[in-house]
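K.L.:
Assemble the complex: chain A is given as a structure, and chain B must be docked to it using the hints.
So the sequence lines, in the order shown, correspond to chains A and B.
When we follow the numbering used here, the leftmost residue of the first sequence carries the number 1, and every step to the right adds one.
When we follow the numbering used here, the leftmost residue of the second sequence carries the number 224, and every step to the right adds one.
Hints are supplied without guarantee of correctness; some may be wrong.
List of simulated lysine-lysine pairs, DSBU-like, C-alpha gap at most 30 Å [as the list claims (entries may be wrong)]: (1) A:Lys13 <-> A:Lys32; (2) B:Lys430 <-> B:Lys236; (3) B:Lys231 <-> B:Lys304; (4) A:Lys13 <-> A:Lys81; (5) B:Lys255 <-> A:Lys32; (6) A:Lys81 <-> A:Lys207; (7) B:Lys304 <-> B:Lys255; (8) B:Lys231 <-> A:Lys8; (9) B:Lys304 <-> A:Lys78; (10) A:Lys32 <-> B:Lys236; (11) A:Lys8 <-> B:Lys255; (12) B:Lys231 <-> A:Lys78; (13) A:Lys32 <-> B:Lys231; (14) A:Lys13 <-> B:Lys255; (15) A:Lys13 <-> B:Lys231; (16) B:Lys430 <-> B:Lys231; (17) A:Lys8 <-> B:Lys236; (18) A:Lys78 <-> B:Lys301; (19) A:Lys8 <-> A:Lys20; (20) A:Lys207 <-> A:Lys13; (21) A:Lys81 <-> B:Lys301; (22) A:Lys8 <-> B:Lys301; (23) A:Lys8 <-> A:Lys81; (24) A:Lys8 <-> A:Lys207.
No lab work stands behind these hints, which were simulated from the structure alone.
On a predicted model such as this, the values are computed, not experimentally measured, just so you know.
Spelled out, the chains give:
There are 2 protein chains.
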Amino acid sequence: MITVALPKGSLLKDSIELFKAVGFDFSGLLAKDNRQLQIVDSSAQARGLLVRAKDVPVYVEYGQAQIGIVGYDVLREKQPKVAHLADLGFGGCRLSVAVANDSGYLSAMDLPPHCRVASTSVNSARQYFQAIDLAVEIVPLSGSVELGPITGMSEAIVDLVSTGTTLRQNNLTELDVLYYSTARLIAHPLSYRLNDDGLSDVIQRLKAASSAASSAQKTSARV
Amino acid sequence: MITVALPKGSLLKDSIELFKAVGFDFSGLLAKDNRQLQIVDSSAQARGLLVRAKDVPVYVEYGQAQIGIVGYDVLREKQPKVAHLADLGFGGCRLSVAVANDSGYLSAMDLPPHCRVASTSVNSARQYFQAIDLAVEIVPLSGSVELGPITGMSEAIVDLVSTGTTLRQNNLTELDVLYYSTARLIAHPLSYRLNDDGLSDVIQRLKAASSAASSAQKTSARV
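Excised from the complex, chain A in its bound form:
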């Protein structure tokens, strides 16, 4: 039986739809009163584990799940030892530098040296500021990063932006994009190479279903 690590949160619905398209039904995990952390598909060919988005690569890296779906942002931040198989197209967002609207900064280069930057993506933020050769102090937070500039704790933030609503509501402006992120299909490298439980076939079907869904979306967008 194949085990699949599925991310709690914003990527879950699309992830479950993708698996449904290749014949694995994990939709029980979407029920409002669901408290299950694992579910076996009715065909008994696959098991779904519902884990925190950040933990998906951990389960896959340790081989407890052969495949998983996770945001590119998590892969960039954590650098797990997993095989990165496909861009699934959904869950688009970007990691951006933002500052208070009234800060007067027009680019990240304008930030004063040694200023504070609050972020949950500490590694990505550090790499970015090293690349632009600006020494800043990264303040590691676990959430609600937008409070940083509001309270005066930090001059800037590095945070994931999808619609931009949170930034607007908190009077913040994006200055620069570190990278764009979408949902990715990952696999345990050894399981993938050894083709455990016909894994390659499942992966091919997932890739095909994902491309079909993307083209359908593009066509409907054109019409």
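P.N.:
Just chain B now, kept in the frame of chain A:
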């Protein structure tokens, strides 16, 4: 104006009640549809910041909040540079080692060397196993640690336990307690020493209100 960092989650209600007892009303943060991350008390003497429990010591350490309420578990795990002022008595829980009911292990010492232990409290778990001189591999997770033994990823977990319901539901047994935790009052060391905005007075009142609440609870428990 004093700024107070309040923890989202299980400690929030009791924290807000404690501040209410000393005259600061932050209860707007408890409203079901609340989306505010900060609130000014009606007396305009204090501002409450609603942040992730783990971020409370960050806001206090950086001086953005003069005081905060946070679980002892977070202080033990993160070792932030904050003044630890009082045990507030509520939010009791413990950090425990647990294994599957059918594992056969009767104590943490029975665990096989180099086995895997899943935890969100990586530092505390590492210190514990070093102290009992057992070399284990700590698997860092961000949540739903109970999946570790269920999926076979880890032999044991180190996790916070309050009622024990989660352990029972997942067929897990506690082997040992690393430490007990309750909500603590913390302060920014320098603000505390300089008595910014009459901070000492507020802290004295909070301590008194907390002791009063504890004794009332003990009396009612006796009756």
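K.L.:
Each hint should be assessed against the structure and marked as holding or not.
P.N.:
Hint-by-hint comparison with the structure:
1. A:Lys13 <-> A:Lys32: holds, 12 Å
2. B:Lys430 <-> B:Lys236: The hint holds at about 17 Å.
3. B:Lys231 <-> B:Lys304: holds, 21 Å
4. A:Lys13 <-> A:Lys81: holds, 26 Å
5. B:Lys255 <-> A:Lys32: holds, 18 Å
6. A:Lys81 <-> A:Lys207: With Cα atoms ~21 Å apart, Lys81 of chain A and Lys207 of chain A stay inside 30 Å; holds.
7. B:Lys304 <-> B:Lys255: Violated, because 33 Å separates the two Cα atoms, which is more than 30 Å.
8. B:Lys231 <-> A:Lys8: holds, 19 Å
9. B:Lys304 <-> A:Lys78: holds, 26 Å
10. A:Lys32 <-> B:Lys236: holds, 24 Å
11. A:Lys8 <-> B:Lys255: Holds: Lys8 of chain A and Lys255 of chain B sit about 22 Å apart, inside 30 Å.
12. B:Lys231 <-> A:Lys78: holds, 25 Å
13. A:Lys32 <-> B:Lys231: holds, 22 Å
14. A:Lys13 <-> B:Lys255: holds, 25 Å
15. A:Lys13 <-> B:Lys231: holds, 26 Å
16. B:Lys430 <-> B:Lys231: Holds, because 21 Å separates the two Cα atoms, which is no more than 30 Å.
17. A:Lys8 <-> B:Lys236: holds, 26 Å
18. A:Lys78 <-> B:Lys301: holds, 19 Å
19. A:Lys8 <-> A:Lys20: holds, 17 Å
20. A:Lys207 <-> A:Lys13: Holds, because 17 Å separates the two Cα atoms, which is no more than 30 Å.
21. A:Lys81 <-> B:Lys301: holds, 26 Å
22. A:Lys8 <-> B:Lys301: holds, 25 Å
23. A:Lys8 <-> A:Lys81: holds, 21 Å
24. A:Lys8 <-> A:Lys207: holds, 21 Å
This entry does not satisfy hint 7, going by the numbered hints stated previously; all others are met.
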